[in-house]
Each structure stands twice: as structure tokens, then as C-alpha cells.
Amino acid sequence: MLTTRRVDAYHALTVVAPGIAERFRPGHFVGVAVGGSQTAMLTRRAFSIHDVKPDYGGTVEFVFTVGGPGTAWLAERRARDTLDLVGPLGRPFPLPRDPVTCVMVGGEYGSATLFAVADALQGRGCRVDFVLGAVSADRVFGALRARRMGETTTLTTEDGSLGMRGKVTDVLPGVIADVRADAVYACGPMEMLRGVTAVAVEFDIPVQVAVEERMACGIGVCMTCVLPVIGDDGVTRMLRSCVEGPVFRGERVRFDDVGTIPFDALGAPGGGSRNVS
Amino acid sequence: MLTTRRVDAYHALTVVAPGIAERFRPGHFVGVAVGGSQTAMLTRRAFSIHDVKPDYGGTVEFVFTVGGPGTAWLAERRARDTLDLVGPLGRPFPLPRDPVTCVMVGGEYGSATLFAVADALQGRGCRVDFVLGAVSADRVFGALRARRMGETTTLTTEDGSLGMRGKVTDVLPGVIADVRADAVYACGPMEMLRGVTAVAVEFDIPVQVAVEERMACGIGVCMTCVLPVIGDDGVTRMLRSCVEGPVFRGERVRFDDVGTIPFDALGAPGGGSRNVS
Amino acid sequence: MSVDMRTYLGHVELVNPIITASGCAASGSELAQFFDLGRIGALTTRSVTMAPRAGRPTPRMAETPSGMLNAVGLQGPGVDAFLERELPWLSQRGVRTVVSIGGGTVAEYTALARRLTDAPGVTAVEVNLSCPNIEDRGRVFARDGAASAEVIASVRSVMRYDVPVVAKLSPDVVDVVSVARACVDGGADALSMINNPIGMCIDTEAMRPSLSAVTGGLSGPAIRPLAVRCVWQVHAALPSVPIIGMGGVLTGRDAFEMVLAGACVVAVGTALFHDPYACLRVLRELEELLAARGFHRLADAVGLAHRPPGASTRHRIDLEESSL
Amino acid sequence: MSVDMRTYLGHVELVNPIITASGCAASGSELAQFFDLGRIGALTTRSVTMAPRAGRPTPRMAETPSGMLNAVGLQGPGVDAFLERELPWLSQRGVRTVVSIGGGTVAEYTALARRLTDAPGVTAVEVNLSCPNIEDRGRVFARDGAASAEVIASVRSVMRYDVPVVAKLSPDVVDVVSVARACVDGGADALSMINNPIGMCIDTEAMRPSLSAVTGGLSGPAIRPLAVRCVWQVHAALPSVPIIGMGGVLTGRDAFEMVLAGACVVAVGTALFHDPYACLRVLRELEELLAARGFHRLADAVGLAHRPPGASTRHRIDLEESSL
Ligand SMILES: Cc1cc2nc3c(=O)[nH]c(=O)nc-3n(C[C@H](O)[C@H](O)[C@H](O)COP(=O)(O)OP(=O)(O)OC[C@H]3O[C@@H](n4cnc5c(N)ncnc54)[C@H](O)[C@@H]3O)c2cc1C
Ligand SMILES: Cc1cc2nc3c(=O)[nH]c(=O)nc-3n(C[C@H](O)[C@H](O)[C@H](O)COP(=O)(O)OP(=O)(O)OC[C@H]3O[C@@H](n4cnc5c(N)ncnc54)[C@H](O)[C@@H]3O)c2cc1C
Ligand SMILES: Cc1cc2nc3c(=O)[nH]c(=O)nc-3n(C[C@H](O)[C@H](O)[C@H](O)COP(=O)(O)O)c2cc1C
Ligand SMILES: Cc1cc2nc3c(=O)[nH]c(=O)nc-3n(C[C@H](O)[C@H](O)[C@H](O)COP(=O)(O)O)c2cc1C
Ligand code: FES
Ligand code: FES
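Protein chains in written order, with this note's numbering: chain A, -12 to 264; chain B, -12 to 264; chain C, 540 to 863; chain D, 540 to 863.
Derived by calculation from the structure, the hints in this document are not laboratory data. Each hint should be verified, as a subset may be incorrect.
Just some of the chain A residues that point at chain D, by a computed CB distance under 10 Å [what the hints assert, rightly or not]: (1) 18; (2) 26; (3) 27; (4) 31; (5) 165; (6) 207; (7) 227; (8) 248; (9) 254.
Derived, one-sided and incomplete: chain B residues facing chain A with beta-carbon distance under 7 Å [to be verified]: (10) 27; (11) 28; (12) 52; (13) 55; (14) 56; (15) 58.
We put the beta carbon where it would ideally sit given N, CA and C, even for glycine.
Please model the complete structure; the sequences and the hints are all you need to start from.
Encoded structure:
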């Protein structure tokens, strides 16, 4: 591990990981082992990759908030400690062929993953605008960088301590209209993704969302991270957010049914199969 | 935690623990929590107190070898890390009223606990001689200090790399005879304590031994650390080495029966009670 | 805001729900050096047997991931010494005492109960059913509903009417609810769970079992999910029966989990080996958690996790309050 | 010194004893990105069901001390898709495949076995008996020796003679040996243990069960002592029956513990979630441990911890060697 810094309410860790940095594409995440040897914490924690740099053969940075014991342990790491990472994991964000206008919508630490996407988009001549939000100013991640990169940047906080008082979905329609957006990229809490998707559907423009589900493995073998997604054939399947996601086309994700098995999903109970376990 | 140092094959940790230092008497041990928060290692590790000093309100030092994961974790601690100690625990060494001659017999890290005893004995005008042994030179603990404190110091190693080739029990009879010892104090592997006790019995002088049994609590509540000890009434009972020991009169400990329930022990199976669990 | 932590075992009131688990506090006097035993809900004794018992040979313990194995074998002085020395010591200090009993036959359990029935200072009797039934090829009572019920009925019949009889259940069964129901039908005033599931580990250096008894009882946080599941299932089936929940409780959060699952009393066992003050710490942490969530009474949280998906907590609490 | 790591499931030889545990390697292709599946003893598929299954709602997992709870609910594409896509993918790559099957009735298990019997690339069939028996009020087959034996007998009767049938046992029983014996009498060629004991945990913030399914299967090191105990007891009672040992194996040391207890094959499950390379690492570590202790053959270590107190290891090994 290389450096550790505080960014407002967040911790940022930079790790030397050439193998991961090399294969990185925007939207990828890493699985981080927590607790050290003899720990009682068995499962890796998933974190979106915020940034990769070429130094030291390749470094990876991720940003996190302290929630439970695993992130608390990570927050105590010091420079030169070693970290055990697996990655890059997940399906990255697809990028448009043409130089279109894209709105990047980030909530809380969700913003962290968007800057690499914006980089790539700008590399393809796309125009990029930012809409970042959180409950309070100290939880809005990357406002400065957004201002530097984006044509426009709109900030929202629920307590009004920064930018507009409210949610990103309150301002998103205005932004999409003003900049004549062709596409939306979003990462943040599921509730926000649902709202952002609704807005994009309203404007009939494509929206790519990076979702978050509880993950035990991150590599597609445990089947714990599923959510209901509509396929090209119109059939709803319980897809793994770690390997078939975390990036999905927003309108394909049945946000209202997350945490359930929709009756019309393939293999739903009663839908022909019996619930044998 | 204050300092950490290597002493040949051993690690020595000094911890600021005024409450323990204040109540310390030679023979006491501490229970040390290992692994930090969220660790899978549930039980404290027991270590004899090697030394206490008045600095910082009172410090405690213990000496250990790395065996399993708990001691491996302890060996990785750095100065200024915090340690969770319980103590002082156990029954300390009884001291003679009169200024007699005592031989201190230490095996491996067992020597560590003897110096505080020797101090106390010399404070009472006793003559102190040392017999320290181990498998090899780097595992003989405290030879220098013994040479400074003891009238005589005899060292043994099984590979002959320091002092006489052999075990402490090979040289002990000679030492007892030469110095006309009145009593023996011993700490080390159970096999050594058994041998030392045999020698002392041979010479018909009292011997105090500090034993070692697997301990889950160290405070007398779990009943896992028992061994067969003969009481004043001649009855053998399974006594807890953490609270009724670790110091016992050697001739009272039934070394040959450690790891068994002697048929004549109070409450032994068949001895009236049934084995209900 | 202070929380009313009183709770009941049958009709016996405990000042708070945190007690020690049997066999994890020896005779009580050992812990008394660390804190005033009167401050916890009750102290549970090790399982008392008729005759003195030397227990099992050592090694009696082995550490396992987030747990430990023990094979103590009910070492203890026997009921005579218990009644002469240990129980009086506790009652003189006003320590509420749950006396655990263990036997090899229904007759032995009954004889023990008879010895206890007139002894002063017995708050409740906990019947440790995880003992081999000598009359049934050493099959453990707790694994058989009928055998358990027979023991409980017999103990209940000789025990003083105002001393609750608690049946202690094992998780090593096909259906813990059916055993629980059998015990309640047999006259149990309360249930405690879980006793140690049986496990073992092997010393890969010696290439032999780590415990001299080969197998031993598994305890500690590793078994908490099994314990919470048992408490949950039994409370769902028998909501009116008081449950002493135990198994891997290290913190107030863990105790709260047991309470939410349906326990009105929570026992702390293995945690005492790591922290002699564990009971007081768990009690304080539990009270803080309850207060932080706006509970006025512990009782309002018991089994709360069973409420239907719709129902809110406040609602439930308001209901309780309005019924004052 | 290299160790002969070959082992046998019935008469089927495996190049080494380390396999994946059912449901912990999905369809196999996911792990294939990390290493060549041909290098492990075998890959066990998730439990295949007749119809496609969407499984349980999320949350499906919760972390517990040294373990985790899962309630996936056998999500899978159903036997048709399995035979069309997943099995051929494996057999084309020469991956030895243990196919796990799960059903709600004896008929369903039997129908599944019939579908598999002529499918190429089935190394063995593992019968996941931890499924609710629809015809017995949802009682899990594995908890009842007779029901388990009925399933095994029926599967055995339709399965090709040269494909071993493995009965997978649950620890949530009174006596694992009696269920094991019933399965062997029913025709099981081998036994695997343990499937997940049932546990639960509660989210103390939401004050509701952490899993949407309320209860789930406990896995990981926390349950290893239960697994080792089951393997030990069954090997002691049925020394000639091959045992696939699993439950919390993270390292070569853990696999060696299973082997010493009596397992000739060791399955790695939850460890794969933490380390995709776990199987290869465990295999290497196990081989190193065996070599360091002077074993020439894995087979010489199987059940070795059962040797009488007097007997030395060398002795045992020499015996084996002299019998070459
Ligand atoms: C694809 C993906 C990307 C993520 N990126 C970030 C990020 O960039 N920054 C950040 O702060 N957080 C991120 N998260 C959430 C992060 O994984 C959780 O906050 C973290 O696992 C919590 O661990 P804990 O020990 O603190 O909490 P605990 O609640 O103790 O975790 C217990 C268990 O639940 C799992 N878990 C708990 N919360 C979540 C969650 N929200 N999502 C997935 N698993 C969870 C943990 O992995 C662990 O197995 C991401 C999650 C996913 C799925
Ligand atoms: C009274 C007493 C004083 C001791 N003093 C010292 C000392 O000064 N220096 C030193 O190096 N060692 C000492 N020991 C031994 C020390 O406690 C063990 O070496 C240590 O617990 C091993 O922990 P581990 O995690 O490395 O090994 P592990 O084998 O992983 O320990 C697993 C479990 O077994 C217990 N255990 C293992 N070995 C022993 C043992 N020999 N005695 C008691 N419990 C054990 C541990 O406490 C733990 O609960 C003493 C033991 C006792 C009882
Ligand atoms: C060392 C030890 C001794 C025990 N002795 C008894 C006993 O005598 N009687 C009994 O009913 N339970 C006994 N138990 C089981 C505990 O009372 C408790 O049910 C179990 O350990 C689970 O709780 P815990 O994880 O908090 O320890 C013992 C447990 C341990 C660890
Ligand atoms: C996420 C998950 C899914 C599982 N699915 C199955 C399954 O489909 N069929 C089965 O027989 N066992 C299943 N198991 C049980 C494992 O095969 C194994 O028996 C158990 O987890 C113990 O091993 P472990 O501790 O190494 O994981 C599953 C376990 C987990 C953790
Ligand atoms: S986290 Fe395991 S399959 Fe997605
Ligand atoms: S270690 Fe627990 S009683 Fe001695």
C-alpha cells in the first residue's frame, strides 16, 4: 500500500497493483480482504476503482466511507501496510462511438467511479457535464475535480450545505435539457439510480448505472449479488451484479422489484419450478 | 505498549500497566488478548511476568517465543501499539522466612520468571544460584543476568552450544550438593519440572515449580487448566493451575499423571460418581 | 433516558437480563473479585452433580475460529459441598442464583432437585439436558424430546412451586422446536438455549485429536448464528415461554440480537474467559443500544424482529406504552 | 519428495483430493478464468434442479464471525440448460465433474438422475439431501435416515453403474452416523459432509433478520469443528466408505485435518469467495504438509488420527509401504 488520505467524509487508499491498473477500465471494482490474518471477517469488501496511475508500475486508488468493521479496519491502515486486492472485477461502462454529450450523475462516494469514465469520454471527444449530490457538503465527493473537468457542474445537498438543496434527481431534468444530453452515466445509492433512470427514460436517452448489491465473492461464483434485469428477449432474469454488472442499462433494471423475485422472472417460484430449498 | 525487543530466540514486550505492576509478586502471569478487534482468536495467551519497573507509573515486561498464530501476532506489534492485558494472575512463589540458599532452575523461557524471585530472595538475604538450560544457546534465556545475580550459574544445552551438553537435571544434583541448597525454585517445560522435582525429593529439600497447562481464561472460571495435585489431607484433586497455581510444591504435583484423571483422585470416574458428560 | 431493564423468568423478577452461562463462572466467587455479582441479573452455577466429579483429562480446551472447544466433563465438588459451601456463599451475598443440575438418569436429576427444593437462595433451577442418559446407551437427553420431558416433569414435580424450572436445550437436534414443546408440556417454566454443539479439532502436528476427550462442546461467536436461529424458531412457536438466549454473546449488540430474536434473558459464557467484566459491559452496551433506539423498556424489544414486514417499531412501542 | 496425491471416490480415481464444494463454483466457467480446472481433483456443480430456479430474494448473504450465512435458494438454469450448455462446456475441457442434484420429491431426484445417466462427462453424482421434502411438510430429507435412503436407493437404481452416487449429509441431525449408515445401506458409494447447518442473524439497525429468507446456511471456518466431528464419527463407524470432507477449509492445514479425520477427498467452498485460487493453494499446502511429515501417499494419512494412542505414525506408514 502506498498512500492514505482523508477527503472530507471519505478515506482514499492508493495501492501499488500493476496487474489491476494495467487491465483497468472505467467502472471496474476491486475486492479487498479486510482484518488481516486470523481475522473473523471472511468476505472481501467491494470498492469501485476511483483512479489508476502509472507510477510504481501501476497504482489503484479507491474511496470509501466507514460503515461497519471492515471499512473501519481499512480506515486504520497506514502507508506501507500491505493490502490484499482482487481485480479488476465487473463489467465496465460501455462508451459511445460518437462524440456525444454525457451527464455524469454521482451520489455520495458513487461519484468516485465517474471521473475515469469522464476521462475516457472526453478522450473520445464527448462533452461531459456533472451532477453530484449527497446528504451534506462533506459527503459530496470530487466537486473540485468535476468543476475542472466538466463543461458544467451542478451540486446538490439534502441539507443545502453545498449547491442546491435537494437531490440530484431534482436538478437532473434541467441539466439534461440545458446541455441537450445524449446519455447519462450514474453511480450512487440504488434509490438515486432508480430516480436517475426514471428521468433518463422521461427524456428517452440511454442511461448506464453502476449498482450496488451485497457481495460475498465478487467473481460470480456465490450467486448472492443478484437483481432482476430484463434481457434483450424481454425475459427478466436474476443477474449477478458482480459479473453481469455492476454496470447495467438503467431501463433494464427492475428497481421497484430489487429485493424480490418478480413473479414473471425466469424460474420464479410457482413459475413452473418448486421452491426446493 | 512501550518497547519491543528481540533477545536471542525470544521477543520481549514492555507494557505500561500501573495496576498490574503495583500488585505484582514474583510468579504472577498476565493474560494477553491477541489478534485485535474482529479477530478469530478468542482466548487470551498467558505469559509469566519477567520484570516490572516503576517508570511511567509502572511497566510490565514478558518474554515469549513464537509458536502459533497468537504469539506470531504479538511478535508483529510495534512500540506505541496498545495491548489488552489482564493481571496479575495466579499464585506467586512463596518465599522462605530465613536467609537460606536457593537454586533457581529455568528451562527455555521459563527462566524469565525466576529473576524477580531471585531478587526477592536476595532481598531476604538468601543466597541464589542459577541453573539454566535449553535445547540450544539461543534459547537459554537470561544467562548474563544470572551470572550477575547468582553466586554460581550453570548453563546446559542439549546440543552443547552453550555450557554443558545435556539437561538441567544432569547438573542439578551436583549444584545442590556443592552449594548445600536448602530449596529449589523451578520454571520450564513440564518434563523438566518433573525431573527437577525428582532431584529435589532425592535431596529431601522443598521445591517450588511453576507449571504450564492450556488455559482458556486464566481467572479460575473455565476449569480447563487442571492437573492432579495431592492436598495436605493426602487426597488428590484436579486443581486449576491458573488460580491454585501456577506455583505448586513440586512433590505435590503428580507429574506422571498429568493429562489423566488418576483413579484415586477425588471424583474420579468409577470413584463413586458417574461420568455424565 | 434510562431504560427499564427488568425482566422475568416465569414469575421471578430479575433486575436486568444479563446472567452468566452455566460452567463459565465456576462457583461465582472467582468473578466476585472483579465486580459485585449483585449487579447482574443472576449467576448460573456450573452444573451440579450428585457426587463430586474430577471431570475429563487435559487437554480440555482448544481454540477454533471465533470459538473454542471444551471438554471439562462437569468437574465439580458434588451437591453436598455445593449446598454446604458454594450456595450459602452466594445467598449470603444476595446473589440471585440459577442452579444448574446435571445427571445420568431421571432419578439422579430428581434427587438433585429434591436436595435443592428447600435450599435457601435458589432463584431458579436450570436442567442441563446435555448429559448422556445412562439408561439409554449414553444417548444425550436433550436430543430426545420424550426423555427431556420426562426429566423436566420429574424435576418440576419435586421442586418448590415458586422456583422456576428451566430446560436447557441443545442445537444438535433435528427440530429444536419439538424438543422445546415437549419440555414445556413436561412443565418447564422457561427454556434456555443453546448448549454447546459437539465439535472436534485435530492437532495436525501430533496428528491426533486436540482434546483428550476427542470431541468437545463448541462455544463462542462461531455458534451465535445457530443460537439466534434456535431462539428465533422457539419464540415463533412458543411466544409466551420465557427464553434465556446464549451462544457467542460478546457485546451489547450480540445481546440485543438475542433479545430481538425472542430472548428475555441473555447469558454470557465464553466471553467471560476473555473479559471478566463482560457481563457488566454487555449490560451497559445493551442499555445504551435500547436507549439510542428510543425504547423505554427492555420488554418492548423482546422478539421485536418477528413483527410483520409492514409494522414499524415505534408503532409497536406506542402500543405498549398506551397499554400502561 | 513428491507425494502420491491420487485418491478414489468408489472406483473412480481423482488425480488429487481437492475439489470445489457444490454451489461455490457456479457453473465452473467463472473459476476457469483464474486457473485450469483440470488441475483440481474435480469440480462440483451447484445443485441442478429440474426446472430453472430464480432462487431467493436478496439480501442472500450476511457475514458472521469466521463464517457467513447464505440463502441463495438453488438459483440455476435447470437441468435442460445444464445438459445443453454447462456440462458440455466442462466435459469438452476434460474437467472431472461431480454433478450435484437437488429435488423436492424422490421422483424429482430420480428424474434428474435419469437425465444424467447417459450424459457424457459425469464423474460422480452428489445428492444434495438438504432440500425440503414436499411430500413430508417440507421436512429436509437429510434430517431423516429413511427418507435419505429412499432418495439414494432410487437415484442409485437409475444411475449408470460406473458413476458413483455420493450422499451429502447435513449436521443438523441427532446422529449423523445413523443417517450415513442408512444412505450406505441405500446404495451410496460415498458420503460427503457437511452441508450448511441452519443459522440466522439479525440486523440490529433495522431490527429485522439480515437475510430476506430469515434463516440461511452457515459456512466457513466457524463450522469446521462440526465438520471434522461428523467426518470423524462417520469414518469411525464406516471406515471403508469414502468421505468427501468439507466445512471451513481455508488452508492445507485445514484439509489435512479433514484427511486425518477420515476424508479421502476435501471440498473447498466459502474459501473460494475470498481466494479464487484457493483450491490450488490448499492442494499445494496439503502436499507440502504431507511431504514434511514423511508421507509418500495421501492414502496413508486418511483417518490416521484414529490410530490407537500407542501406535506411531512411521509404523503405520512402514506397514503400508511393506504391503506394496
Ligand atoms: C460494486 C460495488 C462497489 C462499491 N464501491 C464502494 C466505494 O467505492 N466506496 C465505498 O465506500 N463503498 C463501496 N461499496 C460498498 C462497500 O462494499 C461496503 O460499504 C462495504 O463492503 C461495507 O463493509 P463493512 O465491513 O464496513 O460493513 P459490514 O456491514 O460489516 O459488511 C458486512 C458484509 O456485508 C457486505 N456489504 C455490506 N454493505 C455492502 C454494500 N453496500 N455493498 C456490498 N456489500 C456490502 C460486506 O462486503 C461484508 O461481506 C461498493 C459495493 C459494491 C457492490
Ligand atoms: C502460566 C503460564 C505462563 C506462560 N508463560 C509463558 C512465557 O513467559 N513465555 C512464553 O513464550 N510462553 C508462555 N506460556 C505459554 C504460552 O501461553 C503459549 O505459548 C501461548 O498461549 C501460545 O499461543 P499461540 O497462539 O502462539 O499458540 P496456539 O497453539 O495457537 O494457542 C492456541 C490456544 O492454546 C493455548 N495454548 C497453547 N499453548 C499453550 C501453553 N503452552 N500453555 C497454555 N496455553 C497454551 C493458547 O492460550 C490458546 O488458547 C505460558 C503459559 C502459561 C499457562
Ligand atoms: C468451559 C465451558 C463449560 C461449560 N459447562 C457447562 C455446564 O456445566 N453446564 C451447562 O449447562 N452448560 C455448560 N457450558 C455451556 C454454556 O453454558 C453455554 O451454553 C455455551 O457455552 C454457549 O454460550 P457461550 O458461547 O457464551 O459460551 C459450558 C461452556 C463452556 C465454554
Ligand atoms: C453460497 C453457497 C451456496 C451453496 N450451494 C449449495 C448447493 O447448491 N448444493 C449443496 O449441496 N451445497 C451448497 N452449499 C454448501 C457447500 O457446498 C458446503 O457444503 C458448505 O458451504 C460447507 O463448506 P465451506 O465452509 O467450505 O463453504 C453452498 C454453500 C454456500 C456458501
Ligand atoms: S458476489 Fe458472488 S456472485 Fe456476485
Ligand atoms: S484457565 Fe480457566 S480455570 Fe484455569
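Next on the checklist: Please list, smallest to largest, the hint numbers that this structure does not respect.
Outcome noted: 5, 12, 13, 15
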